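A.B. asks: Hey, can you work out the whole structure from these sequences and the hints?
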Amino acid sequence: MRFLSLVGNSFGCSASGERLVSAARDGDFQEAKALLEYNPRLARYSTFGVRNSPLHYSAAQGHHEIVSLLLESGVDINLRNYRGQTALMQACQYGHWEVVQTLILFKANIHRADYINGGTALHLAALNGHSRCIRLLLTDYIPSIPNAWNILSKMSENESSVSEFDESGLHEIINRPADGGITALHMAALNGHVETVQLLLDLGASVSEVTVEDGTTIDLIGAGSTALHYAACGGNAQCCQILVAKGSNLSTENANGWTPLMVARSWHRDGLEEILISELEEQSQLLPSPYLCLPLMSIVKIARECGWRDSNNTPVCLDPCVVCLERKCTVAVEGCDHEFCTSCALYLCSTNSSSTSAHGPPGSIPCPLCRHGIVSFVKLPGTGPLYKENSARTSLSLTFCSCSTEGMERNSIETPFCKPDFHCTRISPLGSSFRSLSCQSFPSVKLSPSLCMGAPDTNPCLVRRSRCLRPGFRRSTSDGESRRSWFCSLNQYVATGSGC
Numbered sequence: 000m001r002f003l004s005l006v007g008n009s010f011g012c013s014a015s016g017e018r019l020v021s022a023a024r025d026g027d028f029q030e031a032k033a034l035l036e037y038n039p040r041l042a043r044y045s046t047f048g049v050r051n052s053p054l055h056y057s058a059a060q061g062h063h064e065i066v067s068l069l070l071e072s073g074v075d076i077n078l079r080n081y082r083g084q085t086a087l088m089q090a091c092q093y094g095h096w097e098v099v100q101t102l103i104l105f106k107a108n109i110h111r112a113d114y115i116n117g118g119t120a121l122h123l124a125a126l127n128g129h130s131r132c133i134r135l136l137l138t139d140y141i142p143s144i145p146n147a148w149n150i151l152s153k154m155s156e157n158e159s160s161v162s163e164f165d166e167s168g169l170h171e172i173i174n175r176p177a178d179g180g181i182t183a184l185h186m187a188a189l190n191g192h193v194e195t196v197q198l199l200l201d202l203g204a205s206v207s208e209v210t211v212e213d214g215t216t217i218d219l220i221g222a223g224s225t226a227l228h229y230a231a232c233g234g235n236a237q238c239c240q241i242l243v244a245k246g247s248n249l250s251t252e253n254a255n256g257w258t259p260l261m262v263a264r265s266w267h268r269d270g271l272e273e274i275l276i277s278e279l280e281e282q283s284q285l286l287p288s289p290y291l292c293l294p295l296m297s298i299v300k301i302a303r304e305c306g307w308r309d310s311n312n313t314p315v316c317l318d319p320c321v322v323c324l325e326r327k328c329t330v331a332v333e334g335c336d337h338e339f340c341t342s343c344a345l346y347l348c349s350t351n352s353s354s355t356s357a358h359g360p361p362g363s364i365p366c367p368l369c370r371h372g373i374v375s376f377v378k379l380p381g382t383g384p385l386y387k388e389n390s391a392r393t394s395l396s397l398t399f400c401s402c403s404t405e406g407m408e409r410n411s412i413e414t415p416f417c418k419p420d421f422h423c424t425r426i427s428p429l430g431s432s433f434r435s436l437s438c439q440s441f442p443s444v445k446l447s448p449s450l451c452m453g454a455p456d457t458n459p460c461l462v463r464r465s466r467c468l469r470p471g472f473r474r475s476t477s478d479g480e481s482r483r484s485w486f487c488s489l490n491q492y493v494a495t496g497s498g499c
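Here the sequence shown stands for residues 0 to 499, where the numbers follow numbering that gives the first Met the number 0.
Hints listed in this document are in silico derivations from the structure and should not be mistaken for laboratory results.
All figures in this text were calculated on a predicted structure; none of them were measured in a lab.
No false leads were mixed into what you were given.
Straight line, CA to CA, 25 Å or less: simulated PhoX-like cross-link-like pairs of lysine-lysine:
{"hint": "1", "residue 1": "K378", "residue 2": "K327"}
{"hint": "2", "residue 1": "K300", "residue 2": "K378"}
{"hint": "3", "residue 1": "K106", "residue 2": "K300"}
C.D. replies: Now the structure itself:
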C-alpha cells in the first residue's frame, strides 16, 4: 500500500496541486511561482471530475502573467478539460484578450473543437462578442500590408501576389461550422454583437451559410437558417442592416418554410419589419472594422523570434522606449521609423480599436508620436533571436526521479551480461518493463528533493541481492545483510526515494 501511495504522489501531490489551482484562480503569482520552482510537474495537475488544470483556471480568470509562468514551466498549451475545452477557448469565452495574446504568442492551436457542441475558440469569442479576441486568433492569417483591406474586400487585382495571405485558410476558419452547422456569424448575429458581425463579414464570413439538422442540437429557429434568420430572432436592427447590406437574401426560407421576416414576427420583433420587407434601395457604404488592419502579424513574428519580456539580468537602457521608458527599443514603425519596445508595440496593437489615423489604410492604428498610420513593424538591426537558457525545465515526464552520477561508487553490481552504465537512468513505473531491470545495474544516485516526493534520509542501499544464472556474477553486499529479491528492493527504492 505504501508503494501505491507513493506512485500516486509521484504524479503530483494533491495538496500542492490544489494550492497551485487556488493560486492560479486567485492570481497569486508569487505563490504559483514558488510551487512550480519546488515541483514543475504540478503544472500538469488537474482537479477531479472537471479536469481543469491551473492553466484553465488562470486563463478563465484573465491572469496572463500566471499563464506565461505555467507555459514556461512546460505545461501542454492545448490541454483539455472534461468538456474538451482548452485554455484558449476559456480565455475567448470570457474575453481576456491579454491571455489570448499570450497563448497566441506561444502558438496555441486555434482549430481545436470541444466535445460538447464542436465549437472552437472563434465560436466562443463570437458568441460573447469579443472582437479583439477574434482578431488575435486570426493573427497568422491576416498580413501586415497596406492593401490588406482591399484584398479582403475583393477590390484588389493583384491579390495573388501577396505570399503571406492565405485566403482559403482564413475563409475556412471563419466559416467553420459547429454542431448543427452554426457558424461564428450565426452566434454573433443571434446575440446582437454588431461590432463582431462587422468584423466577421470584413474577414470573409459567408452570409449564405445555413444550419443543418443533426439530431443533437435544439434549434428553435429551424434548420436551413442563414445568419439573417438568427439576427431576426435576436432582434438587433443594426445587425440585420449590415447583413442585408452585405448581400443576405431576404426571401431565403429555412426547413420550416420561414423567411427572416416570418422569424422576426414569430419572435415579436416588430421593429425589424421595415428592414426585412424589401431590399434597400441605396446600399450604404459601411466603414471597415477598426480591428481589421492591426499590424499584428508583423509584431507577433518578431516577438516569437526575439522575445517580448525582459529577463532579470537585462542591463539599464540608455535610450529606452518612449512609451514605457524602461525597455530597450527593438522594433520600428515601417514608414515613420519611430522606435518602440516589443512589449509596448504588442500592447498598442491589441488595445487600439479606433480608426483615428489621418494617413493610412482603413482601420489602421495611429503612431502615438506622429499619428501616422501603422501598417507594419520591422525589427531593428541590433535585435537578436531569443536565447532559451534552460530547455530542460520544460520536460514534465512523469518519471519517479532524476538521477545523477556525481560521486558514483565502484561497488555497483557487475554481471557478464550487462556492464555498468554510468549514465543517468530514469525508472518509469508505466513505460518500461520490469523484466529489463533484472540484468540492469543500479548505480549510486543522488536524488533531487524537488523531483522525488519520498523521504530523503532512509536506507541508502537499493539492491542487496540480485540473481544471475552466470557463474561469474559478483555482488558487493555484506554477508550480514538480509537477502531479498530485486523486485522487493525496487519497491523499497520507490517507497523510500533513496539510492545506493
